[in-house]
Amino acid sequence: MRFSCFRRRFFKELCAEFRYDFYRSSRARKVLFEHLPKCGGTTFRDSLKQYYPYRKRYPTDRNGDDSVRGFRELSESRRYGYDLVFGHNAHYLVGEAHPDCLKITVFREPVERVISHYYYTRDKHGITCSLEEYVRSDAHRNWYVTHFSGLKADEAEAAPSDAVEKAFRVIKETYDLVGFLDQLDVFMDRLRMMAGFRGPLGEQRLNVGCGKPGQLSHEERKQIEKANLLDTELYRRLRDEFAFSSTNES
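As numbered in my numbering, residues 386 to 635 make up the sequence shown, in order.
None of the hints are false.
Result set (DSS-like, lysine-lysine): computed pairs, CA atoms no more than 27 Å apart in a straight line:
#1 K488 / K434
#2 K551 / K611
#3 K488 / K537
#4 K415 / K434
#5 K509 / K434
#6 K607 / K509
#7 K488 / K441
#8 K611 / K537
#9 K551 / K537
#10 K488 / K415
#11 K557 / K415
#12 K557 / K434
#13 K551 / K488
Note that these hints are calculated values from the structure, not bench results.
Model the full assembly from the supplied sequences, consistent with the hints where possible.
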């Protein structure tokens with residue numbers, strides 16, 4: 386069994402090497418992918434990885450802050466040598482990755498995302514707090530806004546309009562392609578064209594978790610929405626700015 390797993394892994398990496406040589410010849414672009422938790426990024430990440438060999442990939446979520454610190458400590462030539470920088474912390478490496486890389490990310494409706502993230506964390510890591518406690522915590526409420534603005538939750542909530550505006554501007558000025566979970570197929574097609582890939586990015590097999598809305602009372606959901614008003618406003622603005630319409634999908 387162990388040999389069989391090794392053989393499959395070796396074959397996948399060998400295929401990635403061949404694809405890399407093929408796509409490099411067509412001048413496919415370097416990519417930095419900021420993987421937002423529970424936004425469909427795991428499947429998408431795996432699709433991207435098949436086109437870049439292991440030696441050209443730098444994952445940023447394997448050891449959290451250590452991965453970010455490790456990348457920053459590399460020489461410029463080493464940092465610029467990576468063709469795929471990806472993970473939950475990739476956003477913090479925008480200034481250190483190759484300046485010509487295509488910067489991309491995918492969002493999900495914020496209430497659905499935080500519910501899904503709670504059940505994922507509870508089931509995988511055994512947290513004991515309630516859903517309401519989780520979504521109201523400093524670490525998780527209005528996470529989109531705090532993540533991209535660099536503000537703490539209480540700082541963002543003290544000046545909500547400014548915080549949302551700051552997060553929106555950071556996203557707009559940083560990312561070349563912004564997608565949404567419900568339009569992931571269109572996003573992948575657009576990325577394929579922008580990055581110069583000659584082949585498809587693979588099948589869309591989502592691994593996002595659906596949350597467990599059937600277990601939520603109306604009051605519980607209202608409390609979650611109330612705790613994430615800033616994220617909801619940011620998400621609305623992002624949809625207005627970046628969502629693919631039926632016109633620009635064609």
